[in-house]
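**Q** Below are the chains, spelled out letter by letter.
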Amino acid sequence: DAKTTQPTSMDCAEGRAANLPCNHSTISGNEYVYWYRQIHSQGPQYIIHGLKNNETNEMASLIITEDRKSSTLILPHATLRDTAVYYCIVRVVDFNKFYFGSGTKLNVKP
Amino acid sequence: DGGITQSPKYLFRKEGQNVTLSCEQNLNHDAMYWYRQDPGQGLRLIYYSQIVNDFQKGDIAEGYSVSREKKESFPLTVTSAQKNPTAFYLCASSSSFDGYTFGSGTRLTVV
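Protein sequence lines correspond, in order, to chains A and B.
Each residue of the first sequence is one higher than the one before, starting from 1 at the first, in my numbering.
Each residue of the second sequence is one higher than the one before, starting from 1 at the first, in my numbering.
Possibly wrong hints are sitting among the right ones.
What the hints assert, rightly or not - With a Cα cut of at most 27 Å, we get these calculated BS3-like pairs of lysine-lysine:
no.	chain 1	residue 1	chain 2	residue 2
1	B	Lys71	A	Lys97
2	B	Lys57	A	Lys97
3	A	Lys52	A	Lys3
4	B	Lys57	B	Lys70
5	B	Lys14	A	Lys97
6	A	Lys3	B	Lys9
By construction, these hints were calculated from the structure, which means they are not laboratory data.
This structure is a prediction, so every number in the text was calculated from the model and none was measured.
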């Protein structure tokens, strides 16, 4: 699986959009981009995933660049409960293993 | 509701003892995984199993053992050979096209 690079930490004001970047410059054509988040001492929670097109669900939006070498997770209106570590992972659909890096610690501040 | 259950939530082990962490899922997922997480770190893969009666070592399998006798269950044994077992252990399951579903974790402490 391709490796990903994320900033170690980011701050965001409550109510503002949080934009979390991820670089995956060695991604292959059949690898999806997944985002998970982990609130302290809990299991990671699925947020969203995509292949080429931008995706949106009730939690977030995923913007993938045209060359697929990077992506951005957008939380449109961050709340204090969005404070967590966010992991960006790339994965071949028919090969199950996920490799987690250290992620981005998002601090949402009042 | 379908989900994945880990037990116990907290576990204390004396040095030299083996201990087994339970992981059960009712999602009908084929694949199951065990990860270890140390404070401030990401998740590291210990073992995984893609079908019943088969499992593979991950990146940090030394000192751990697993079994997969049933699709629903994937217990992890932390043996006395694991030199630094104090950590947060996470179990997950997935099907071919789904992402992972994680359990709530077991925090193991050696006393």
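**Q** Against this structure, judge whether each hint is valid.
**A** To see whether the hints hold, each was checked on the structure:
no. : hint              : verdict
1   : B/Lys71 - A/Lys97 : 17 Å, holds
2   : B/Lys57 - A/Lys97 : 12 Å, holds
3   : A/Lys52 - A/Lys3  : 17 Å, holds
4   : B/Lys57 - B/Lys70 : 18 Å, holds
5   : B/Lys14 - A/Lys97 : 32 Å, violated
6   : A/Lys3 - B/Lys9   : 31 Å, violated
In summary, the structure is inconsistent with hints 5, 6 from the numbered list given earlier, while agreeing with the others.
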